[in-house]
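Protein chains in written order, with numbering that gives the first Met the number 0: chain A, 0 to 297; chain B, 0 to 372; chain C, 0 to 90.
Worth double-checking, as some hints may not be accurate.
[As the list claims (entries may be wrong)] Distance condition first, Cα-Cα at most 30 Å in a straight line; then the derived BS3-like pairs of lysine-lysine: (1) A/K88 - B/K365; (2) A/K40 - C/K57; (3) A/K4 - C/K36; (4) A/K257 - A/K287; (5) B/K203 - A/K89; (6) C/K84 - A/K270; (7) C/K1 - B/K336; (8) B/K279 - B/K365; (9) C/K84 - B/K238; (10) C/K1 - B/K295; (11) B/K231 - C/K3; (12) C/K3 - B/K155; (13) A/K120 - B/K203; (14) A/K4 - C/K41; (15) C/K1 - B/K335; (16) C/K43 - A/K257; (17) A/K7 - C/K55; (18) A/K275 - A/K287.
[To be verified] To give a feel for the contact side, a few chain C residues facing chain B, derived at Cβ under 7 Å: (19) D7; (20) G9; (21) V10; (22) R14.
For the record, the hints were derived by calculation from the structure and aren't laboratory data.
We put the beta carbon where it would ideally sit given N, CA and C, even for glycine.
Spelled out from the first residue to the last, the chains are:
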Amino acid sequence: MTEIKTIKDIPEEDFLTGGHSACKGCPGTLGLKLALRVLGKNTIVVNASGCLTLLALYPHTPLRVPWIHNAIENAGATATGIYRAYKRKKRDVNILCYDGDGATYDIGLQSLSGACERMDKFVYICYNNEAYGNTGMQKSSASPYGAKTSTTPPGKENPIGKTSQRKDMEAIMAAHEGTYVATASLAFPVDYARKVQKAKEHDGPSFIDLQAPCPTGWAFDPSKTIEVARAAVMTGVWPLFEIENGKTTLNVKLGKLKPVEEYLNMQTRFKHLSKKETENIQESVNKKWEKLLKDSGE
Amino acid sequence: MNKTLLTGNEAGAWGGRLARADVIPAFPITPQTELIEAMAQWIADGEMDTEYVQMESEHSVMSAAIGAEASGARVFTATSSQGLLLMEEMMYIASGMRLPIVMVNVSRGLSSPITLWADQNDVLAQRDAGWLQYHCMNNQEVLDTVIQAYKIAENKKVLLPVIINMDGFVLSYTREPTQVPEQKEVDRFLPKYEPTHAVLDPEKPESMGIVVLGEYMRFREQHHLAAENAQKVTKDVEKEFAKRFGRKYSAVEWYGDRDADNVLVTTNSMSTSAIAAVGKNQAVMRIRMLRPFPVKEISKMLEGARNVGVVDRDVAPGEGGIIYPEIRSALFDSRKKPRICSYIAGLGGRPVSKQHFEHMFKKVTKPKDEWIY
Amino acid sequence: MKAKYRGDAGVPVIREPGNAAEVKKGTWRTYKPIFVKEKCTKCKLCFIYCPEAAIKWKNGPEWDYDLCTGCMICYNECPSKAIEKKRDLHE
Chain A
0 MTEIKTIKDI PEEDFLTGGH SACKGCPGTL GLKLALRVLG KNTIVVNASG CLTLLALYPH
60 TPLRVPWIHN AIENAGATAT GIYRAYKRKK RDVNILCYDG DGATYDIGLQ SLSGACERMD
120 KFVYICYNNE AYGNTGMQKS SASPYGAKTS TTPPGKENPI GKTSQRKDME AIMAAHEGTY
180 VATASLAFPV DYARKVQKAK EHDGPSFIDL QAPCPTGWAF DPSKTIEVAR AAVMTGVWPL
240 FEIENGKTTL NVKLGKLKPV EEYLNMQTRF KHLSKKETEN IQESVNKKWE KLLKDSGE
Chain B
0 MNKTLLTGNE AGAWGGRLAR ADVIPAFPIT PQTELIEAMA QWIADGEMDT EYVQMESEHS
60 VMSAAIGAEA SGARVFTATS SQGLLLMEEM MYIASGMRLP IVMVNVSRGL SSPITLWADQ
120 NDVLAQRDAG WLQYHCMNNQ EVLDTVIQAY KIAENKKVLL PVIINMDGFV LSYTREPTQV
180 PEQKEVDRFL PKYEPTHAVL DPEKPESMGI VVLGEYMRFR EQHHLAAENA QKVTKDVEKE
240 FAKRFGRKYS AVEWYGDRDA DNVLVTTNSM STSAIAAVGK NQAVMRIRML RPFPVKEISK
300 MLEGARNVGV VDRDVAPGEG GIIYPEIRSA LFDSRKKPRI CSYIAGLGGR PVSKQHFEHM
360 FKKVTKPKDE WIY
Chain C
0 MKAKYRGDAG VPVIREPGNA AEVKKGTWRT YKPIFVKEKC TKCKLCFIYC PEAAIKWKNG
60 PEWDYDLCTG CMICYNECPS KAIEKKRDLH E
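Using the sequences provided together with the hints, build the complete structure.
Given below as structure tokens:
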């Protein structure tokens, strides 16, 4: 398959239908739809418990490829099992783990780390809505500093919400030698599709962190899903980069970062933040961006 | 091949090898480690052809087992106590998905406090998990049961995972004369795994591990019926195994006078000590198949007895022995009910010897619950 | 009355791939995207962005209104304003 450079290069056949139980404007299902267009028919999807688990709700399934949901914390291990069984059958198959951030950053980290250490060949896409979405937006270690979540609500005692920083998952995954690591955004679909294809062809594990702005959880109109995703990239909150063999490549080079308020004001989950807190967030975004520029040699 | 000296772990490993397991996920835990090490060495020496993968936890072992079995591969694995309990969540998922995985459990008492030696609390905690359960008395039985287990598990009327229990240290590390069947004989007995009910294959896409609301109860009933079907399927497989390999097994076994008054009920390796202690008017009833629970056989065999002592190498604190109430309940509808009591012995691998059983046979003439030290 | 063992049919697996497309999710709509063909530049962005795969591509976008939930992402992202937003009262 030729490298995906424009929209025209993205295959058109769909392996995910509509009619499923996901919310209006769900970025998670959109990410899965696009990933399956790139990966194609010869794919097995491993899902860990999260919003998208409800896609296959008896007696309906929107999946036109094989799908297995095992449990919340074992997508990596399940992928290993499938990979080894297919190796034994001497048959090639694309294995796609498509899981939420709770299942990836927290409870499933051990299983994912183990699978990467074993160098099993699979594509792991984390659809990241920065919380445990399916159970009502509780915090996960992907939730950013200052986020209002149902278990870190701001109040009199704590006006900030979540007081800890997001886990640097990309650095953790890049520490596994041989794993292809990337961040992605639905506002940059060609970049995302290119990375999925790269992951498909990579002879080893791949990890793609896809930010999934959640209209239901972050509280904005479903039509704005892509707009919020775009703002996250343009303000430097969700930079797009790849890490391969220890080398970092910046994919979307921004001259000057847009002010972080543009992104924060689109969502109710940051409305409680004071001006000082917003400045703190701007500072840490700037610092992260500077480091990324340095690491990628820009 | 002539009889050879094998430890229980080696016997279990031979079972998985002869059954031609395709994928073996593994994680070490005492007293099972020798089993997975034996396999690793065979593979390295080119004597065994399989996909062997060491996982990073037992929970991941069962997860990988599910992924592999769901992809149509025959899976074998082994674990023990803490490891078995760590994979507890996955046990229910494996059986609910109707995946015929076969696992050897090297029985070891549970923490806390920590012990390395045998008792049955770990395997008995799996009684409700929807797996079939067979408990072995000696290493030969371990080897034979692994082979039989695949035939039972993969039967279209069953399609359930199986756990095969052997006592840690007592069997796992003890060498006993064991007959290793010929590979071609096992190949004739055990056909290839060809599932139609659940396969992950892009040629025929299916969605597995799905959410089911409402109809959940019907699927669970099917699961229960499948486990009950295993009663007859086990009998048939044991019969065929006896014909081909010359060794007979049955779900419940009786040792001693058929019309003995005083009976001790045992499972697992302590049964051999119990059998050695059998005297006049005494008998041992050994339960080999615990799930599905052979109610008919048990109530029929114990009908004529006067005094029954159920020996539990396990305890549910606050209730007592775990197998005891199952036997008692099996006798509830019998016309002639024996007097029955519970003996708790050998917890944490504390020795249960022939002398202990002679003591129990004496005490059971006046049945009264007792902890045997 | 005791149920009968149903074999493979009693195993919780869905064997009809993509049968969710039969579900009429269009009833979720409060707004409906209306295509203005003359303004369309065939950039394919709406075909990319629809989370319900309700927009098919047949040398131009075609909406399957049985599947369209009216999230209006297509309307919001269309660079040539070739999609209009209309209130949908399901009359």
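Hints and how they fare:
1. A/K88 - B/K365: violated (61 Å)
2. A/K40 - C/K57: Holds, because 20 Å separates the two Cα atoms, which is no more than 30 Å.
3. A/K4 - C/K36: It holds: about 27 Å lies between the C-alpha atoms, which stays within 30 Å.
4. A/K257 - A/K287: Holds: A/K257 and A/K287 sit about 14 Å apart, inside 30 Å.
5. B/K203 - A/K89: holds (18 Å)
6. C/K84 - A/K270: With a Cα-Cα distance of about 28 Å, the restraint between C/K84 and A/K270 holds, given a limit of 30 Å.
7. C/K1 - B/K336: holds (29 Å)
8. B/K279 - B/K365: holds (17 Å)
9. C/K84 - B/K238: It is violated: about 72 Å lies between the C-alpha atoms, which goes past 30 Å.
10. C/K1 - B/K295: holds (19 Å)
11. B/K231 - C/K3: holds (16 Å)
12. C/K3 - B/K155: This hinted pair holds, its Cα atoms lying about 14 Å apart.
13. A/K120 - B/K203: holds (22 Å)
14. A/K4 - C/K41: OK: A/K4 and C/K41 at ~17 Å, within 30 Å.
15. C/K1 - B/K335: holds (29 Å)
16. C/K43 - A/K257: With a Cα-Cα distance of about 27 Å, the restraint between C/K43 and A/K257 holds, given a limit of 30 Å.
17. A/K7 - C/K55: Distance ~15 Å between A/K7 and C/K55 Cα, so the pair holds.
18. A/K275 - A/K287: holds (18 Å)
19. D7: holds (4 Å)
20. G9: Since the shortest Cβ distance to chain B is 3 Å, the answer is holds.
21. V10: Nearest chain B Cβ about 5 Å off; hint holds.
22. R14: The hint holds - C/R14 has a Cβ within 7 Å of chain B, the shortest such distance being about 5 Å.
Checked against the numbered hints given earlier, this structure breaks hints 1, 9; the rest are met.
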